[in-house]
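Student: Single-letter residue listing:
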Amino acid sequence: MRFSHMLASVALGLATLASTGAKAVEIEYWQYVFDTRVKAMNQLIAKFQDANPDIKVKQTTFPYADYQTKVAAAILAGQGPDVVQLFYGWTDNFIAGKMIRPLRAEAFPAAEIERDFFPIVSAMKRGNDYYGLPTAVRSLALFYNKKAFKDAGLDPNNPPKTLEELVAAAEKTVKRDGSGNIVSAGMTLDMGGQDHQWWREVLIRQFGGVPYTENDTKVAYNDEAGVKALTFYTDLQKKHKVGQAGFMDEGQAAFRGGLAAMTIDGTFRLGSFGTIKAFEWGVTELPANAQGVRSNYASYFANALTTKAEGEKLAAAEKFLKYVSSPEAMKVWMEVVGELPARREVALTPENVAHPVYGPFLKGLEYAHTTLFKDEAAQRQAAIDMANRVLIGGEDPKTSLAKAAEAEQAIIDRAKR
Amino acid sequence: MSAVSHREAASGGLWSRMSLGQKQVIWAWSFLAVPLVFYVVIRFWPTFQAFYLSTTDWTITKPAAFVGLENYWRLFEDPLFWQVFRNTFLYLILGTPISLLISFVVAYYLDRVRFMHSFIRALYFLPFLTTAAAMAWVWRWFYQPVPIGVINDLLSSLGVPQQPFLRSTTQALPAVLAPAVWAGLGFQIIIFLAGLRAIPVTYYEAARIDGLSEGAILRKITLPLLKPTLVFLVVFSSIGFLRIFDQVYNINTNDPGGPLNSTKPLVLMIYQTAFSSYEMGYAAAQTVVLFVILLVISLVQLRLMRDR
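Heads up: the sequence lines are chains E and D, in that order. Going by the working numbering, the letters in the first sequence line up with residues 167 to 583, in that order. Going by the working numbering, the letters in the second sequence line up with residues 792 to 1099, in that order.
It cannot be assumed that every hint is accurate.
Under the rule of at most 25 Å between Cα atoms (straight-line distance), these lysine to any residue pairs were calculated in the SDA-like manner [claimed, not checked]:
id : chain 1 : residue 1 : chain 2 : residue 2
1  : E       : Lys404    : D       : Lys853
2  : D       : Lys853    : E       : Thr383
3  : E       : Lys540    : D       : Glu861
4  : E       : Lys569    : D       : Lys853
5  : E       : Lys582    : D       : Pro952
6  : E       : Lys569    : E       : Asn381
7  : E       : Lys564    : E       : Leu329
8  : E       : Lys264    : D       : Pro952
9  : E       : Lys407    : D       : Pro952
In short, the hints are calculated from the structure, not lab data.
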């Protein structure tokens, strides 16, 4: 192995000499296909190459389905990217598979990262090492239909600020037919969407609990706070009857179709909601509890260096990672993709904070939490089933919560092995 | 050096000393070797690989370690597996008889229809040509609550309370099964029609001359002579329902196999274990179990065929 590497580097050296020494290093960047993300990355690559004529970056994109499988297969086969995009929740998996390497502290000092980035970046830290940096981050907010508010006699410029006001507004805006069936929801219920994040990181905390302890490896919501949070959520359907899980199939579809007055969703939905023509909508911070406690859930895709990058490719990859995590790159990303910058100074400019759409999301970032998922899909499923047991099965929230806690703990324990 | 050339001469001699028959056999086998190698590499090798994987804890990213039968124990202790097992057989024992009954009745009467016969037949066959994914999406919207669900709109206009369908643990499985049955009808009708046409008309003529009733003709002539067709369709649709996946996955993409796993078949559980949780070893164990189930059912089928 050693010898073949030496041989390869000698050959490379000779080749470099032969081509008058001006040969560029080519590195590969991988991300999933999403039109605006690819466009933004193309712009960043062009700018980066202008500044670094000796480096060429090749972008490879592929569908989101089976992303992890494909990246893992490629890297383990010695192919694939030098810089790769990954969801923060996959970090443990990628480290365990020796697919990504820690960032060199000299090139990416931890103190600087912690000073400049939003605190949620700590989800990329293991021990003293950072394993990647995001360009952009996402958070949640409450979307509301201004037309529905106006029709119900509510002030469209004064959306609910507390959970109590949320329920009141939902009760005013919900519409039912003669037999009591909801024909337009006041508030969407969709655990498969973003509601499980809202319940986990926001509602539980607002009712006085914490979702997990010990770096999110111990489920801690099976208590009074958890029961209250779940009861609040399921009461939206069972007691207040302001929404219905499965109404219009998905919460976002109901809102888009103008058949829901309020829904909780993330920055990534802005593109889709931006094309709504039938009504005007607004965004506001997730409602606080009676004591004014707020919380939010933030997530991001980070860029990381793979174990495949070695020698001059590694140096080039480091340079590229630095560039895509720079303030300049974040501005481009926000303009093209619409995602929030991961650095405080770029994000929290006065004009951004005052922005009617970005503002509420940005405020949420300051107090947001990031769940360190072990198996996001399975953990979400535990939350979906928990709500369904109450909403469909008529189980009482306490029993259902206990089952969910047990199921989720088992998922976490298994993934830890 | 000399030894090598000696052996070459000997082997050359061997070929020329062979009879034409022996040479033909060698040629035949060398041609047969191509599909054989293909099958071994593409089919059998991965199958054995799966057997091996089912005894490891491979997760794609972590190297595989041998764990013996642990995956199988875990499977038998997993309540989800038994629920999924039950669902899979529910699809089978509901789906196969219902679809065969409907398609036989349709084929039996369609066989007598002369007016626009081919057109009606084509209409029945149409759903079979449609992609399961597209169909599942359309049906998913049929099942929605008011105001957008067609079925519930109809029910509530008739004064019947609206039904939860896909949002109910008891109604969801039949609701998912309905489009699957509907989609398979066309194929089964065509096969039944072919089977009915293959029965000689003279039998019927003789029976009618003897004054047999229509019901007796159906019981004594049509059904017994349709047995080969019936066996084929039973086996074919049984395997189809045991492997049901796309209808289930697409009709409820946000909670595949839900609500509360009430519609999850074994294949979907395998898919989620392997490509969502990346527990390849565990998924391989589930695949082996599915393989055994299909094997047993195929053996029973062979038995039935032999009885004929």
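Student: Determine for every hint whether it applies to the structure shown.
Tutor: How the hints compare with the structure:
no. : hint                 : verdict
1   : Lys404/E to Lys853/D : 45 Å, violated
2   : Lys853/D to Thr383/E : 20 Å, holds
3   : Lys540/E to Glu861/D : 22 Å, holds
4   : Lys569/E to Lys853/D : 29 Å, violated
5   : Lys582/E to Pro952/D : 48 Å, violated
6   : Lys569/E to Asn381/E : 21 Å, holds
7   : Lys564/E to Leu329/E : 21 Å, holds
8   : Lys264/E to Pro952/D : 57 Å, violated
9   : Lys407/E to Pro952/D : 17 Å, holds
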